Each structure stands twice: as structure tokens, then as C-alpha cells.
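**Q** Below are the chains, spelled out letter by letter.
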Amino acid sequence: MKPSLGASALQAVWPLAASILIGLIMFKLIGPWSGGFASKVMLVAGINIVLAVSLTIVNGFTGQFSMGHAGFMAVGGYAAAMIVYYGSMRLWGSADFAGGVLSNAGDQVSFTGPFIGKGDWLFIVACLVGGVFAAIAGYIVGLPSLRLRGDYLAIVTLGFGEIVRVLLQGTPDQIQPWKAATAKDVPLYKLPLMLGGPKGFNLLPIYTTLFWVYLAVGLTLILVYRLKASSSGRAFLSIREDEVAAQAMGVDITRYKVRAFVLSSFIAGVAGALYGLDIGAISATELGFQKSFDIIIMVVLGGMGSISGATLAAIILTILPELLRDPPPVWPAGAFVLLVMVIVQAVRKRWNIKSLVVMAIVTAVLEAARQYCVSKGINIAEYRLVIYALMLILMMILRPEGLFGVNEIWDYLGLRSKKLAKRVRRSQKGAAA
Amino acid sequence: MTQLLQTLVDGLTVGALYALIALGYTMVYGILKFINFAHSDVFALGVHMTIVIAGWLGVSAMASTLPPWYIGPVVLILAMLSCGLVGFIIERFAYRPLRGAPRINVLITAIGVSLLLQNVGQLKPFFAQSLPRLHIPFGPYPSAIPALLPDTVLFTVANVQFTLVNAAVVGTAVLLMLALQYLIYSTKLGMAMRAVSFSPRNAGLMGINVDLIISMTFVIGSMLAAAAGFLYALKYQGQAKQTADSMWVMLGLKAFVAAVVGGIGNVRGAVLGGLLIGLIEFFGVVYVSSNYRDAYVFAILIIVLLFRPEGVLGRATVEKV
Chain A
2 MKPSLGASAL QAVWPLAASI LIGLIMFKLI GPWSGGFASK VMLVAGINIV LAVSLTIVNG
62 FTGQFSMGHA GFMAVGGYAA AMIVYYGSMR LWGSADFAGG VLSNAGDQVS FTGPFIGKGD
122 WLFIVACLVG GVFAAIAGYI VGLPSLRLRG DYLAIVTLGF GEIVRVLLQG TPDQIQPWKA
182 ATAKDVPLYK LPLMLGGPKG FNLLPIYTTL FWVYLAVGLT LILVYRLKAS SSGRAFLSIR
242 EDEVAAQAMG VDITRYKVRA FVLSSFIAGV AGALYGLDIG AISATELGFQ KSFDIIIMVV
302 LGGMGSISGA TLAAIILTIL PELLRDPPPV WPAGAFVLLV MVIVQAVRKR WNIKSLVVMA
362 IVTAVLEAAR QYCVSKGINI AEYRLVIYAL MLILMMILRP EGLFGVNEIW DYLGLRSKKL
422 AKRVRRSQKG AAA
Chain B
8 MTQLLQTLVD GLTVGALYAL IALGYTMVYG ILKFINFAHS DVFALGVHMT IVIAGWLGVS
68 AMASTLPPWY IGPVVLILAM LSCGLVGFII ERFAYRPLRG APRINVLITA IGVSLLLQNV
128 GQLKPFFAQS LPRLHIPFGP YPSAIPALLP DTVLFTVANV QFTLVNAAVV GTAVLLMLAL
188 QYLIYSTKLG MAMRAVSFSP RNAGLMGINV DLIISMTFVI GSMLAAAAGF LYALKYQGQA
248 KQTADSMWVM LGLKAFVAAV VGGIGNVRGA VLGGLLIGLI EFFGVVYVSS NYRDAYVFAI
308 LIIVLLFRPE GVLGRATVEK V
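Protein sequence lines correspond, in order, to chains A and B.
Positions 2 to 434 (the working numbering) are the ones given, in order, by the first sequence.
Positions 8 to 328 (the working numbering) are the ones given, in order, by the second sequence.
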């Protein structure tokens with residue numbers, strides 16, 4: 002029985018519509034309401050969510066440890082920057098901002114441009130092409146190296162990230178905007194190579210706004226969630242659990258690993274494009290293995306294999322440096338979390354006093370630490386990376402599965418599983434009888 | 008001819024450093040079958056400790072006269088001991104609790120330890136005011152590497168100078184590698200280490216204290232890395248220490264490539280790999296382009312992993328299902 006055309010059309014279209022709606026809400030309502038600094042943090046958090054979720058496909062679903070994710074981000078970012086910059090120069094003669102309302106990151110009130118400008122189309126094309134370039138890079142890296150075992154794959158991806166960085170730093174200087182007229186003289190095959198070298202590719206027009214970032218966030222989350230539930234996703238998960246058993250079940254391991262790699266590189270490339278066109282400059286120096294480690298920490302903290310975990314961890318780890326700069330009092334947040342835990346336990350009628358006590362102690366300790374640091378004038382922000390490192394080590398020893406493990410947040414809150422739980426209970430009763 | 012010989016000399020000198028660090032990677036992999044990402048940071052710590060200990064012993068980088076000849080070996084021994092202690096602490100508290108854990112967890116822990124070592128040295132401790140001399144190892148204060156050996160030229164062949172420093176670096180490295188060779192193949196401790204790397208469980212059944220052997224392996228590896236750090240400081244004496252130690256970590260990372268290229272788990276392979284990578288890097292820089300210095304080494308890594316993943320001297324292991 003085929004589903005009706007209307008229903009399937011609706012199911013195909015609603016993710017895009019929902020993402021556009023979320024983007025518009027973030028851009029028009031929440032952005033201006035929270036002020037300049039907070040919207041900047043939300044923008045960075047959005048990009049980090051996209052990166053963390055894309056790495057979850059490879060590290061979490063497929064169990065392959067890739068340590069060169071920033072390299073794909075760099076490839077995508079540079080490709081998009083190149084298209085926007087040189088494309089603007091050759092099409093319109095100048096590298097200035099030519100977008101519409103949706104891309105205008107500045108003052109909304111005095112902007113007089115169209116709703117979707119010609120620069121916006123170039124920007125969209127640039128992001129997608131950046132993703133495609135990154136996907137090609139993922140294919141080139143993945144196809145030969147996915148035969149290798151865990152440790153070796155990590156090293157090869159690390160090496161690839163470094164090679165990308167070194168190669169991008171060796172490119173010749175870019176054409177400056179005041180010399181845009183000369184861009185028409187440079188032959189088309191030479192233009193893409195002039196990427197700025199060690200100084201990075203700068204003076205780009207800024208197109209990224211909360212709208213585009215959260216559009217990407219929505220699309221990525223829905224894409225990856227549906228991927229996990231699809232047959233490809235089941236193949237990925239089976240590779241993670243036991244490669245030999247998956248092969249015995251007919252899963253072509255190399256093909257699916259490469260598929261995971263290419264998909265995650267595509268999304269990382271798009272994120273890189275958004276990242277580069279947000280600051281207006283992209284430099285391969287800052288997209289080395291340090292950035293790869295940042296993304297890996299987000300995925301590991303959230304739980305490798307959990308989309309909601311990666312999202313939550315990306316948000317937490319983006320906000321954390323800002324919080325550490327000027328630490329606010331811990332006890333309001335701690336009290337709030339404690340209240341939520343009490344309510345959840347009361348609703349489910351399953352009391353866990355130990356967790357409440359632990360939460361209270363943790364809040365007290367953090368508050369005491371904060372008071373001590375403030376009184377002694379110690380700047381905690383300097384210790385941020387040390388805290389990350391210690392947190393990583395302790396987590397691997399005490400709770401290696403991360404915040405959520407391989408489950409999603411709704412598995413813990415029991416939101417979706419009431420029907421499932423009833424079915425399980427009924428089957429258990431049947432088995433016992 | 009001059010350039011060729013100069014490149015050869017430079018490449019072999021740096022290759023000796025890579026070999027010393029690669030030995031640490033290889034020994035740990037041979038015993039625990041895991042890649043200790045934090046090892047490159049132990050090397051960076053070794054360079055740090057050399058500068059610090061030399062400072063404590065009264066050697067100043069601004070001094071016009073060189074210190075007496077016995078300061079050098081004393082600094083070397085103290086640096087080796089302190090880094091050996093750090094290696095012991097890392098193994099005891101970060102790796103031992105994860106002895107049976109899945110590979111990926113240990114890898115992430117190693118990354119965590121690496122980050123920790125890199126960033127602890129950058130901190131400015133808040134007790135610095137009360138203990139003035141203690142703050143030297145910490146904090147991003149620039150300081151110059153003190154000169155420990157006279158820069159006399161021993162002999163010149165075809166316009167290339169062989170200095171005392173070069174001879175000392177290569178000589179010490181060779182001495183340490185011979186000592187390690189003797190240790191592993193001619194002593195009881197070495198036999199125990201080889202037994203544990205072959206099969207930890209059976210070695211335990213035969214009465215070997217496996218935990219102790221593993222700790223010793225880490226300590227010896229860290230001591231070699233510290234020696235490499237001392238030799239690095241010796242070779243580049245008089246220069247200012249970079250506040251970003253990422254350059255030293257990059258050197259350690261290249262040594263890791265050397266270990267893999269030579270055949271990880273194989274002691275002789277580590278030495279061969281170190282020399283190979285040193286030569287390749289310097290020949291690439293001189294004869295091709297100095298822009299892509301790091302890329303040559305990583306490109307060799309990828310080529311070796313694709314076509315001969317067990318390394319030059321390694322043995323291909325068949326994965327049994």
C-alpha cells in the first residue's frame with residue numbers, strides 16, 4: 002500500500018521548513034533579544050554543534066577514530082571562501098558584501114537591501130561546493146586508509162590534517178580587494194590557488210548569520226537522526242559493534258566506512274564555510290590538530306554515538322570558556338538542576354537519593370572553588386585547557402561512555418519509551434508465564 | 008658536494024634525536040600494544056627540564072664563559088631522572104586503570120595526558136610569589152637555552168664543519184642506544200620485557216611482575232625522551248626558548264612517524280626509522296622546498312601505512328578472527 006502523495010511530500014519537506022523556521026526565529030527574535038555578545042556565542046555554538054554531530058557519524062556510529070576533522074573543515078572553508086571572494090570579484094567586480102536581509106549581520110534597521118540578494122545565492126553555492134570539496138577530500142583520505150586498524154587510522158587522519166594545514170600555508174598570496182580589477186586578468190585555473198598562504202585568507206565578506214547557522218544545525222540534526230534510523234545507519238552501528246559479524250551478515254565494511262567518512266566530511270566542509278565567512282577570514286594555522294581535539298572532546302564528552310549528547314556537549318563546551326572568564330555564582334544553576342532532578346524523580350516515582358546528594362555536593366564544591374578563585378584573584382580561564390585535559394582523563398577512567406553513551410536524551414527521560422516499556426513488560430510477563 | 012654533506016650531517020644528527028624518542032614509542036607499543044601520544048610532550052618536558060636544571064645549577068644563558076665540563080652530564084642525568092618520574096606517574100595514574108579497556112578509551116586518555124602536559128607548563132601558578140625559583144618551569148616566560156659545551160670545530164671535510172656539539176649529540180645518542188640494546192638483549196630485566204611484550208599473561212604466570220615491567224618500560228622510554236631533549240638543547244644552545252612548545256611537540260610527532268616507519272614494536276626499527284625520517288626531512292627541505300617541511304614526514308607516514316603498514320623492519324601480523 003503506497004502512502005499518499007500529500008503525506009510523503011509533507012514528510013519530505015517538513016525538515017527544511019522546520020529548519021528555516023528555527024533559523025528565522027533565532028535570527029529575528031532570539032538574536033536581537035539576547036544582545037551582541039550572546040548571539041555571537043550562539044553562532045559559534047551552532048557551528049560547533051554541526052561539527053560535533055558530523056564527527057559523531059564517523060567516531061560514534063561507525064566506531065572509527067578520526068583525528069583530522071579540522072582538515073576537512075579547512076578544505077571546505079577555503080573552497081567556499083575562494084568561491085565567494087573570487088566569484089564576487091569576477092562576477093561583480095568587487096569583493097564587497099552583496100547579500101540580503103538574511104545575511105546581514107549588522108544593524109537590521111538601517112539595512113536597505115533586498116530580502117535575498119545576489120550575494121546570498123553565491124554564498125549558498127559556496128557552502129555546498131565547499132562541502133563537496135571536503136567530501137572529495139574525505140573520499141581520497143578514507144578509501145585507502147579505512148582498511149587500517151583503529152590506532153593507525155587515527156594517525157593517518159592526524160597526518161592528513163597536518164598535510165592540509167601545511168599545503169594551505171604554502172599557497173601564494175591572495176588578490177587584495179583594491180586590486181579586484183586584476184582578478185579578471187588572472188586565468189581561471191590559477192585563481193583558486195591564491196589562497197593567502199601563512200597569513201590566511203582574509204578580507205572576506207561576512208555572510209554568516211544566526212539564520213544560516215541554525216538552518217544548517219536543523220538540517221544536520223534531522224539528517225543525522227534519520228541516518229541513524231536508516232539501513233545505512235544500522236550498517237554503521239553494526240560495524241562499530243563487531244566488524245567480523247557485520248561482514249558475515251553481508252555488510253560491505255569498506256564501502257560503509259567510506260560512506261560515513263564522506264558524509265561527515267561534507268557536513269564538516271559546510272561548517273568550515275560558515276566558520277570562515279563569519280569572521281571574514283580563515284587561516285589554516287588555527288585549524289590544526291588543536292581544533293580537531295576540541296571537536297573530539299565534544300563528541301567524547303557527549304557520548305560517542307549520541308546525537309543529543311554531542312549537541313549538548315558542543316553547547317556546554319562553547320559556553321564554558323565564556324563562563325570561566327568571569328565565573329558567575331554556581332549555586333543558582335546548581336539549585337535549578339537539583340530542582341529539575343527532584344521533579345523528574347517525583348514524576349517517575351523512582352527516587353535516587355544518592356544522585357541528589359552527589360549533585361548537592363558538586364554544587365557546593367564548585368561554588369567554594371569559585372569563591373576561592375575570586376578572592377585570590379586567580380584567573381580560571383587560563384586553566385581551561387588543563388581542566389579539559391583532566392576532565393578527559395577522569396572521564397575515561399570513571400565514565401568512558403560519556404554523558405549519554407550511545408543512547409539519546411529521550412531514552413533517559415522516558416519520553417518515547419512508555420509504549421515500548423509497556424510492550425516489554427507484556428512480553429516479559431508472557432515469557433515468565 | 009658541500010650541500011650534500013651538510014645535509015647528510017644535519018639529517019643524521021636530527022635523525023639520532025628522532026631515534027631516541029622513537030624508541031620510547033616503540034617500547035610502549037611492543038608491551039602494551041598502544042600508542043602513547045603523550046610521549047612527544049615528555050620530550051618537550053625534557054627540553055624544559057634541561058633549561059630549568061641548568062638554571063638551578065647556576066648556568067646562565069647570558070654568561071660569557073662556559074660552565075665546567077661536568078655540568079653537562081649532571082644536567083643530563085637529573086633531566087632523565089625527573090622525566091622518568093613523570094613517565095612513571097603518567098603510567099601509574101592514567102594508563103594502569105585502563106589496562107583492560109577498549110583501545111579507543113586508552114587513545115583518548117593518551118590525548119588527554121598530552122594536552123595536560125602541554126598546558127600545565129603554560130600556567131602561571133598562583134604560588135609563584137612565595138617560591139621565586141619554582142616558577143621557572145612554569146609559565147610562558149621566554150628564556151634562552153644556556154650554552155653547555157664549547158662550540159669548537161673538530162675537523163672540516165669539504166667545507167662542512169663537524170663541531171664538538173654535533174659529535175656530542177650523535178655520540179651520546181649512540182651510547183644510549185647501545186646501552187638500551189645491551190639492556191634488552193643481555194640482561195634479565197630485558198628478557199622480562201621481551202617476555203611481557205610477547206604475552207603478558209604467560210609472563211605473569213611465569214612469575215614476572217608484569218606491572219613493574221610495564222612501569223620500567225615507561226620510565227626507560229621517558230628517560231630516553233629526556234635525553235633527546237637534553238641533546239636538542241645542546242644542539243640549539245644559545246637560542247631563545249619558544250613560548251609555544253608546539254614546535255617541540257611537532258618534533259616528537261615526527262619521531263612517532265619514525266617509529267611507525269621503522270616498524271613499531273621493533274627496537275632496531277625505531278633507530279632505522281629515526282635516521283630515515285631525519286634524512287628525508289632534511290633532504291626534502293634542502294632540495295625540494297622548505298615550505299612543506301612537515302608535509303614530507305607525514306606524506307612518508309601515509310605512504311608507508313598504505314603500502315607496508317608493518318613498517319620497514321616489522322613483521323606483518325595476520326589478524327586472527
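Honestly, the hints are just simulated from the structure, not real lab data.
Please read all numbers here as calculations on a predicted model, not as lab measurements.
Glycine residues also receive a C-beta, built at the ideal position from the N, C-alpha and C atoms.
Errors might be hidden in some of the hints.
[As the list claims (entries may be wrong)] Output of the computed footprint for chain B on chain A, the stretches with three or more beta carbons under 8 Å from beta carbons of chain B: (1) 10-19; (2) 144-157; (3) 294-302.
**Q** Find the hints from earlier in the document that the structure breaks and name them by number, from lowest to highest.
**A** 1
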